[in-house]
Amino acid sequence: MVRVRRHAAYKAIKHGRTFAKVDRAFPSSQVCSVCGVRGDPKPLHVRQWTCGECGTVHNHDHTAARDVLFEARRVVAAGRAETTNASWSAGKTRMESPGTAR
193 MVRVRRHAAY KAIKHGRTFA KVDRAFPSSQ VCSVCGVRGD PKPLHVRQWT
243 CGECGTVHNH DHTAARDVLF EARRVVAAGR AETTNASWSA GKTRMESPGT
293 AR
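In this note's numbering, the protein residues as written are 193 to 294.
There's no promise every hint is true.
Unchecked claim - SDA-like, lysine to any residue: derived pairs with alpha carbons at most 20 Å apart:
no.	residue 1	residue 2
1	213	261
2	234	256
3	203	213
4	234	245
5	234	215
6	234	217
7	213	227
8	213	245
9	206	258
10	213	257
11	213	194
12	206	264
13	213	258
14	213	254
15	213	271
16	234	258
17	234	249
18	213	199
These are computed hints drawn from the structure, not numbers from a lab.
The whole structure should be built from the sequences, with the hints applied where relevant.
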């Protein structure tokens, strides 16, 4: 998993994007992406669920992807996104900035 995260961070830097890491415990498939109400934990075999507050029917995977995107944007807005200067790998690996040749 660390390898995937490191590669994603590298690609983000290479293409001038921001890399945001969402907390592993974030309840991405439990939060209604319409009204924001957090429901109860659901077993993995439950692929669709209905929000008890607004009645929206959610697909487990689509809701999780959408909620992770919203959480990542919140992390970036709060100024907690990883940067090359603040990440654990700063100084351990050299990443070239976009436009520089090897």
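Consistency of the hints with the structure:
1. 213 with 261: holds, 10 Å
2. 234 with 256: holds, 12 Å
3. 203 with 213: Given that 20 Å is the threshold and the Cα spacing comes to 14 Å, the pair holds.
4. 234 with 245: holds, 16 Å
5. 234 with 215: Distance ~19 Å between residue 234 and residue 215 Cα, so the pair holds.
6. 234 with 217: Given that 20 Å is the threshold and the Cα spacing comes to 14 Å, the pair holds.
7. 213 with 227: violated, 23 Å
8. 213 with 245: Since the Cα atoms of residue 213 and residue 245 sit roughly 29 Å apart, the hinted pair is violated (cutoff 20 Å).
9. 206 with 258: violated, 24 Å
10. 213 with 257: Given pair residue 213, residue 257 holds - Cα atoms ~14 Å apart, limit 20 Å.
11. 213 with 194: The given pair, whose Cα atoms are some 11 Å apart, holds under the 20 Å limit.
12. 206 with 264: The hint holds at about 19 Å.
13. 213 with 258: holds, 15 Å
14. 213 with 254: holds, 19 Å
15. 213 with 271: holds, 12 Å
16. 234 with 258: holds, 17 Å
17. 234 with 249: holds, 14 Å
18. 213 with 199: Holds, because 13 Å separates the two Cα atoms, which is no more than 20 Å.
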